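Undergrad: Assembly of the complex is requested from the two constituent chains, each provided in isolation within its own frame, with the hints serving as guidance.
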Amino acid sequence: MDLRSLIAPRVIVHAHCDIPCGIYDPTAAKVASDTVAKMVEKITGATGTDTASHNTFARSVQVKEEHAQICKKELLILWTDYFKPEHLEKYPKLHETFWKAAKLCSKNKQNVDAAAAAELQAAVKEIADIFWATKK
Amino acid sequence: MRPATLLFRVAVTGPSMEPTVREGDWLLVRQLRRRPRVGEIVVATDPREPARLLVKRVAAISGDAVTVVGDRLDRSTDSRDFGAIPSSAIVGSPVLRYAPFDRIGLVR
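From first to last, the protein sequence lines are chains P and B. Counting from 1, one number per residue, gives the positions in the first sequence under my numbering. Counting from 1001, one number per residue, gives the positions in the second sequence under my numbering.
Because the hints were derived from the structure by calculation, they are not lab data. Remember, predicted model here, so these are calculated numbers, not experimental data. Among the hints, erroneous ones may be present.
Claimed, not checked - So, partial list: chain B residues that the calculated Cβ filter (under 10 Å) puts toward chain P:
#1 Glu-1023
#2 Thr-1077
#3 Ser-1088
#4 Pro-1094
Don't be surprised by glycine CBs; every beta carbon is placed ideally from N, CA and C.
Pulled out of the complex, with its shape left as it was, chain B reads as follows (with noise of 0.2 Å):
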């Protein structure tokens, strides 16, 4: 799925991600058309369901593969069981959080 806008709305789903992003989050999101950078979260298609979006996290990139893992590492299915993802999966990278209100700020 490839957003046709630069930015485009994102609802989480799932526990991977916390704290950082939790389920229920809305978040706004850029896309990535540079390379991604280790450290920084990315929106990804999933690539044993190509049709999902996923919310990870860039632990390390090796040339063109990169690794992601959730935040939550007790709490997260990434590269450890689907191995390193082609960084063309990359779909965009969140920047803010703008509901729930109470949880309104950037996404790092």
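Chain P on its own, in the form it takes in the complex (with noise of 0.2 Å):
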């Protein structure tokens, strides 16, 4: 047996918090949204036809896909964890929000689009300033 699994407790303490895990923040979606939209622009704008130009477009490709994906969890974390029916009732509107946000994020995924890309955004920050709205 390790010095590690010697010394190690068998007994759990709670610092309890209902709220699981607790710490919730837009900001990460927020992220994921403007690098979707920096890689929309940087895809349309691309040129170059030698390797490495084809090499930045693809890892451009990629990494937009990526972000939309993160974005996508990101809301969906703030959706199904963070918001709480009392919320729901201040924000009618919360379900539909989060839906066509999750949507653009999928639409931002399937295209190259700088029309959804800030689309996406917008929806992202409305989101954001609900969230904050709620912490005041």
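TA: Spelled out as structure tokens, the structure:
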């Protein structure tokens, strides 16, 4: 038996908080949506035909794909874990807002569309504004 | 849950006692056989789930009723939600954080 397992506690004490995990922040979704918009810009503006340019292009596509997915994941965490029924009472369009934002993540994965990227940024901002308003 | 020994080890989970103790801290807890004092950190059984131990700080004592709250008020479920706990629910008081290595120190 190693030292670590020898001294490890067998009892858990809970510095408990009912809100699971506790730390919620829309910033991650915002960074992801901004990244998607930036990648759309890079993909659209790509001109080079050499290998390095192809590589950059492929990476931009991949990063766009990844961050659209990250954005969706972060939004779903806020939607399903942070927001509570009482928030819904105050913001009756909350579900619709999240649903549309999540759909926009998918749209941005499928397409290279500056308008869709801007829509996603706006949707994330709207959610962030609601989030911070609930923190006041 | 009552420990068999005067000193016992516990592992912390949850954010409510940050920054004093954090998720992943290992503490040495001394059984408390005297009355708790205001301001000290205690390990107590959860009144809503008696099989579970909580770690909180004593905010007030009124007769046998002990009000416990987390150090991090915005991330804590405590007496503000479940009310004061009886002093008999208090099991011990952490004295030492013995892991992780860079956080070794007295708990107060």
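Undergrad: Given B/Thr-1077 as an interface hint, is its Cβ closer than 10 Å to any Cβ of chain P?
TA: B/Thr-1077 check passes; min Cβ-Cβ to chain P is 4 Å, inside 10 Å.
Undergrad: Hint validation: B/Glu-1023 versus chain P, beta carbon distance must be below 10 Å. Holds or violated?
TA: 7 Å, holds
Undergrad: Holds or violated: is there a CB of chain P closer than 10 Å to the CB of B/Pro-1094?
TA: Result: holds, 8 Å to nearest chain P Cβ.
Undergrad: Mind checking the CB of B/Ser-1088 against every CB in chain P and telling me if the closest is under 10 Å?
TA: 17 Å, violated
Going down the numbered hints, you'll see the structure goes against just number 3.
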